[in-house]
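Peer 1: Residue numbers (the working numbering), protein chains in the order written: chain D, 96 to 580; chain B, 96 to 580; chain S, 96 to 580; chain C, 96 to 580.
Keep in mind the hints are simulated off the structure, nothing from the lab.
Where hints are given, some of them may not hold.
Intra- or inter-copy, both count: the list cannot distinguish identical chains.
Computed list of lysine to aspartate or glutamate pairs in EDC-like fashion (alpha-carbon distance at most 20 Å, straight line) [said to hold, decoys possible]:
no. : residue 1 : residue 2
1   : Lys472    : Glu150
2   : Lys472    : Asp193
3   : Lys551    : Glu435
4   : Lys472    : Asp149
5   : Lys152    : Asp236
6   : Lys160    : Asp518
7   : Lys495    : Glu357
8   : Lys551    : Glu357
9   : Lys514    : Asp529
10  : Lys420    : Asp236
11  : Lys152    : Glu310
Protein chains: 4
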Amino acid sequence: MPVKRGNAARVRTKALASDYTVSLHYDRRLYREDIAGSIAHARMLGRQGIISGDESKAIVGGLEKIRAEIESGKFLWRPELEDIHMNIEARLFDLIGDTAGKLHTARSRNDQVATDTRLYARARAEDTMRSLRGLQGTLLDCAEKNPSTLLPGYTHLQRAQPVLLAHHLLAYFEMFDRDARRFESARAAADVMPLGSGALAGLPYSIDRESVARELGFSAIASNSMDAVSDRDFLLDWLSAAAIAMMHVSRLAEEIVLWSSEEFGFVQLSDEYTTGSSIMPQKRNPDFAELARGKTGRVYGNLMAALTTLKGLPMTYNRDLQEDKERLFDTVDTLLPTLEITAGMLSGARFNEGRMRDAARRSYVLATDLADYLVRKGMPFREAHGVVADLTRTAMNRGKYLHDLSLADYRRASGLFAKDVLDINLEASIAARDTIGGTSPRRVADALKAARTRLKNARPREGGGLGAGDRSSTPASPPSGGEGG
Amino acid sequence: MPVKRGNAARVRTKALASDYTVSLHYDRRLYREDIAGSIAHARMLGRQGIISGDESKAIVGGLEKIRAEIESGKFLWRPELEDIHMNIEARLFDLIGDTAGKLHTARSRNDQVATDTRLYARARAEDTMRSLRGLQGTLLDCAEKNPSTLLPGYTHLQRAQPVLLAHHLLAYFEMFDRDARRFESARAAADVMPLGSGALAGLPYSIDRESVARELGFSAIASNSMDAVSDRDFLLDWLSAAAIAMMHVSRLAEEIVLWSSEEFGFVQLSDEYTTGSSIMPQKRNPDFAELARGKTGRVYGNLMAALTTLKGLPMTYNRDLQEDKERLFDTVDTLLPTLEITAGMLSGARFNEGRMRDAARRSYVLATDLADYLVRKGMPFREAHGVVADLTRTAMNRGKYLHDLSLADYRRASGLFAKDVLDINLEASIAARDTIGGTSPRRVADALKAARTRLKNARPREGGGLGAGDRSSTPASPPSGGEGG
Amino acid sequence: MPVKRGNAARVRTKALASDYTVSLHYDRRLYREDIAGSIAHARMLGRQGIISGDESKAIVGGLEKIRAEIESGKFLWRPELEDIHMNIEARLFDLIGDTAGKLHTARSRNDQVATDTRLYARARAEDTMRSLRGLQGTLLDCAEKNPSTLLPGYTHLQRAQPVLLAHHLLAYFEMFDRDARRFESARAAADVMPLGSGALAGLPYSIDRESVARELGFSAIASNSMDAVSDRDFLLDWLSAAAIAMMHVSRLAEEIVLWSSEEFGFVQLSDEYTTGSSIMPQKRNPDFAELARGKTGRVYGNLMAALTTLKGLPMTYNRDLQEDKERLFDTVDTLLPTLEITAGMLSGARFNEGRMRDAARRSYVLATDLADYLVRKGMPFREAHGVVADLTRTAMNRGKYLHDLSLADYRRASGLFAKDVLDINLEASIAARDTIGGTSPRRVADALKAARTRLKNARPREGGGLGAGDRSSTPASPPSGGEGG
Amino acid sequence: MPVKRGNAARVRTKALASDYTVSLHYDRRLYREDIAGSIAHARMLGRQGIISGDESKAIVGGLEKIRAEIESGKFLWRPELEDIHMNIEARLFDLIGDTAGKLHTARSRNDQVATDTRLYARARAEDTMRSLRGLQGTLLDCAEKNPSTLLPGYTHLQRAQPVLLAHHLLAYFEMFDRDARRFESARAAADVMPLGSGALAGLPYSIDRESVARELGFSAIASNSMDAVSDRDFLLDWLSAAAIAMMHVSRLAEEIVLWSSEEFGFVQLSDEYTTGSSIMPQKRNPDFAELARGKTGRVYGNLMAALTTLKGLPMTYNRDLQEDKERLFDTVDTLLPTLEITAGMLSGARFNEGRMRDAARRSYVLATDLADYLVRKGMPFREAHGVVADLTRTAMNRGKYLHDLSLADYRRASGLFAKDVLDINLEASIAARDTIGGTSPRRVADALKAARTRLKNARPREGGGLGAGDRSSTPASPPSGGEGG
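Just chain D, same shape as in the assembly (with noise of 0.2 Å):
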């Protein structure tokens, strides 16, 4: 039996020169999002009249048992059809007969396409704020477990000045914290229907998208039928969102490892996130913080290729096109994945504090403390920085710290030192930067407290019925109500 096909399908005459154009072992992955489309089309071209209530049902039913097929493994799939949208079609004119080809009114493939992978980054960037919060709040769970803990905060690598771990860790709460923004962005990017743009033109029937897009849980519809069914920007800030949050991934992830090395020693990762040796059960390998580092490079990579597909497309639809899905599904495949990873694995860290003290113990970072001590005792900077160089390059020469000079040899660098240059110690140094943004305990408290209250305000967007471990959307939820920033 032939193929039975709608107006949109396209039409080979003969056999296919190759599997080449297949994409249907990608796009399968978007079922929900093709039914649900094509459900809500059908109600409204039954409520408009177009086709007749009893077609518009049959159809509807056709396409929910369709669906039951799919989502309960007995749909019967075929690559010759090349792609999710001709499979779901053929089986409808199977279920129901020469009347499924009226679904097509009104719709193109171009429109229906461009809607159904909108619906899915729209539910995926959803997904990735979830998961983006969740980490977020196990960098404050780590923190707040830690609250005293202390190492040396690094420039170049090298020991600058002591910090609160948790102040560190909030470093990274900030970073999340933007990317989950981004995702909003890119989440209200998506959240625009296309469907209802027709082939390029718009329609020459008199549909109804505001209820269609009502339906989808679209804040907004495409005001332009010829960009509508060839702007990927959404795809393209999806992308560049991942890359970014990736590159926050790998710098968390660069910490992990060399914290994990025998010579940091800052951290010892949970058996679950490391790998050993049959032969040396002492190792910890941080395959996983390697592994997700290593994996920003093929998320960068989805973003280069997206925009090199889309460089110099003249207008509108062009089969260059087909290639944006499987960019953003790997990329959704690398990122949501390596977030519950990262969290996973700080969640099971436990963090040396003895280690971390020691580092910035035994290294000059309270000289600047020094210098702004003299400062304060009213000595001009450039004086101050000069005494301080002097006793630190004595102390080096004799192998000392500063912490193991006594007030005497304070005194012989600069009259200005007084007995309570012995105050001067790690703790002091930390309390002593209490500008807003800064490590003292108290801005770090403060810092904890707000970062808790954000996140809980961060409003979690429900995808709605999404079944455990499920990566398809239910994009029935009511409209959001605006891009909210």
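Position chains B, S and C relative to chain D; hints supplied.
Peer 2: Relative to chain D, chains B, S and C alone:
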């Protein structure tokens, strides 16, 4: 005389190994941002009593003098001082003596340079928004000047359905509209003040960050000092917004190149925007469009460069970050002229209405309309498609277009065809697509009007007092009152 | 029963945190390489007396059985064992008991996996060379079938000078020739054996690397063990060769899309390589060309991904490197079908000689020839250009082409024009460009002949006994005897 | 006075729309290549009688004078003439009058600019090879100066097995060796002469391309004129070779940063290659290594930029190609100093033998050796691993390293341990890895010697008479006699 330095300055005890680390040749363009930041900082130090009022005044006065020197071309740049900051600093010592050193109280090079770059990125985002708005205006002008011009809409570079030129141009309006919003986000991302974060840990002085932010027009203050000195997300937001905008430009440029070809002949560019050869005066090579398209690569490359540089950097400041500025500057220097050129090129372009209409007429772009006609008469979709396919094939074989067929021809294909089938023409086809976002004259007129309004309402952020052609910001603008994005 | 492992195996003492580290779904395609490498290793261990002859035979027998199981589809893949190596290893224990463990004597996972990947990359480079040679052959076929077809050569997509279609096609022959040489280099880069490097430092056994290399057909042996286990240059060579080849494909694809447009009408693709729509049977969308062009992005992205992943990795093996294989596999899976599709598409393409000639005739592409005519008659260059520019302008204003002008017209422009100016036509123009590399029929015929010879002499490296459609190598081919430049 | 132009010159009838198309600021660095190409061309025109001998001499004389003017700084650059070619051309008219116009006989801007760029790329490839060879030499120097220094070899940044520092450094020698060969290929790719291809179709003059190629030192002549004017593969070869070389640099730089940290303490950079702060004189920030690592992004970006620009360009020359040169120049300006800096940095580095040995000692890097010991005594692999794992765990729990265990401890674990187990130490472990490519002193000494020989034999291509610090080529070198692999 040895160079004088403040506390954050980098000491070079020996002669420079080379000019590898020198950045003066590019970072001198930050002079206004650097001086504005220093002035705001010095004023605050005075207000807080960290330095005396007289010292504060001396510093501010010196800095204002330096700014004047630079702007009048009298400043002596010294490459051996490596960067803009050391150049200004050294000159300040010359002008006001040792008080100059006090400017570096409660500030580090790390938070200073991040602040400068953000001020610059913010101002350039504003410039870009203005250029984008200008280009959008030009598109509307072109559309309004050609209200009834029609041409074939293309898919796969094949003529598909007739559309209004105005509709086609409005597709680009939408693209650049998204770009402008993206730059609004990039602006907001830059609009967070790192100053007051110190080297990485905050500062042991009772500084007042809010007042500095107010003076510099920042809407927000970085809330974690470690993040603040190492965060370059605002740059990535800028660069990815630029990459996407260039992608849009490349699509438009591609169409201009195509339309300028003898084969299409849809557009004639003005002499200013073409080049010829001495021997072929009729030649109108669209060099500007080609260059704009070609420069897309450069902007993509800058994004990839920045992403790569940031990958895997541990906390906090690492010298790798010095690479950030040139990627931004090169992108600014590419994107802004490209947007202006594109607007200019469109502005002087003459659209060849005859060639466009001819291309639409000499085609089968009305086939869809014929099928829709039959469907409206009650024929099932698939059957209607078959009838029209046969009609088209027949016409082609007879060397005719569909509009050459007689009523008898039509009725031979299907008895449902009546006399009104002869009314199906380009205009009717266009008029029929009267859905939201469709190409009907009514919808396009509405869309044009709406676009004008949107453009008018697009808040033109004024960078404040920028000299003509000057790419530096005046960061003294009042606080913008929120991201608004 | 617990999984058995040899010395290089990674121990996982707890349940997997997730399937984040699992690679079986993609690395199982390396089974032939992995087994071939293990067999060669086991034989060598036996020969050297590191294990007994019986043990060696048992291992080799077991591995051959496993290969047969895999190839007959009977092998039970176990994802919980993570990768191809562990799957084969565990099965070997099942089959031959504890002797299986001896296979891992004097070998580590690090040198094993690098060896597998190199064998695979080498074989796929050979496949790619074959595909490129095939595509070059198709180009020559097309050129030979259309020996006298002429068309305008374009610069800036403007008609510039007439050329032979065969000459145009030979330009692509040259591009793919460079690609083939680039893959020859990529092959040579892969053709260096890491096996015998151990985990990173070499091995404390008297192994015989030369004999293993001979058996696996490697021309060279890695000369530094630390480099050997962390070097992925051969992969970058592969990926950048692929990126450049796809760039060439994208140019050809762009031209096919242009030439398939109604505006150009230079080529008609066969039905297999176009798609239509159910309603517009005349439509011949060049989807395959568009997809080929679009997939360029993907291959560029893979290169960028691999470069990013490798950036900044310290010595020696880091788990980030696991990301290498998928980038290669995806590139192989994209490039090879794209080359085949491109050849097929060209093979069935019908070039429209009439449209091409018409495009050349209805233009001013002979202007240069007129100027050259005057120069040869002694007129200085600049003056000749001026004369022809005037002539062209005059013709244009009268709605004529240059070949429409009379001798009188010519002589009015310059007395140097004689009757033979009327002999300047497309054929004459083409014939006149009789320089090396020029478009004259003689030169093109020579170039075609030379190209055929070059193609014939291009050493077809036989991967040896590859099954049809099988992308795995048989590395048992004899040593290739040098890189061959 | 109006600017004089030859036949290939682009005519601009109106004032420039902007300086968008101006390239003089960067392409003036091609002056030597441009003049050398013009001189060779003019001489050939004279020899072939296309212009007279006197004309030829006048042109050559004029061009030599211009070159002298440029090199003595007396040349007046005129940006309004847009590019280097027009500047030289206009000056030639000034100097020798209308004969200047004859230089453009039988040449077009398209083949001229491609020739210039190839000459430049070829010369810079030679410079790069020299720099790479220099860096390799420095690595050998370092290795030879530290023949017995040992350190832990790392996998996953975990100490794995002891190696010689010389062995570690030789790994980089291998990387840069591959880079040098890659640049040899890039050189060969550039070493093909496009001159004589005309605008795109060849030339209607009896030119002699071979003699021009000989004079310019080209080994080959482009064999298809259309390919010749639009081919930029040689540039991509250059840029991808550069990207891979920078990747290697980034790995070395990462290790230098790590090793410079207090935690590792393996290396102390010289003052020239570090920066400190005014207050922490002991600080040795590895800024040069960080910058080198950071600049990797820039070079990757340039490759991506060029690939993107070339994607999808139809035949033949398109103005997009103008973007090629800056990507090359920026890459040259980044890569060459980076290689020099890296060599300088290594050269002055002091390796801390004590810290390295300590890191190896205070670890369990000998576990593999213990297992190999047992295997040699006949214990099956897996069992040996189990025994050592238990030993290691026991030692760890007792706060000891393996070398702290007594013979009794060992024998408790297995009766196969005999007194000679106590001989297993770092030196013995290293000595035992005596396979080709292994880290044993004997193998490393051999490898060093072989490396010296390879380096000596690496044919130093002399660009010929390059002034110090001058990045321009003298293309008058004799033909190189083949690619040489």
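Peer 1: Look at each hint and say if it fits the structure.
Peer 2: A quick look at each hint next to the structure:
| no. | hint | result |
| --- | --- | --- |
| 1 | Lys472 / Glu150 | between (88 Å within a copy, 17 Å between copies) |
| 2 | Lys472 / Asp193 | between (92 Å within a copy, 17 Å between copies) |
| 3 | Lys551 / Glu435 | within (19 Å within a copy, 45 Å between copies) |
| 4 | Lys472 / Asp149 | between (89 Å within a copy, 19 Å between copies) |
| 5 | Lys152 / Asp236 | neither (51 Å within a copy, 47 Å between copies) |
| 6 | Lys160 / Asp518 | neither (76 Å within a copy, 42 Å between copies) |
| 7 | Lys495 / Glu357 | between (24 Å within a copy, 15 Å between copies) |
| 8 | Lys551 / Glu357 | neither (38 Å within a copy, 40 Å between copies) |
| 9 | Lys514 / Asp529 | neither (23 Å within a copy, 61 Å between copies) |
| 10 | Lys420 / Asp236 | neither (36 Å within a copy, 36 Å between copies) |
| 11 | Lys152 / Glu310 | within (16 Å within a copy, 64 Å between copies) |
Violation of the numbered hints given earlier is confined to hints 5, 6, 8, 9 and 10; the remaining hints are satisfied by the structure.
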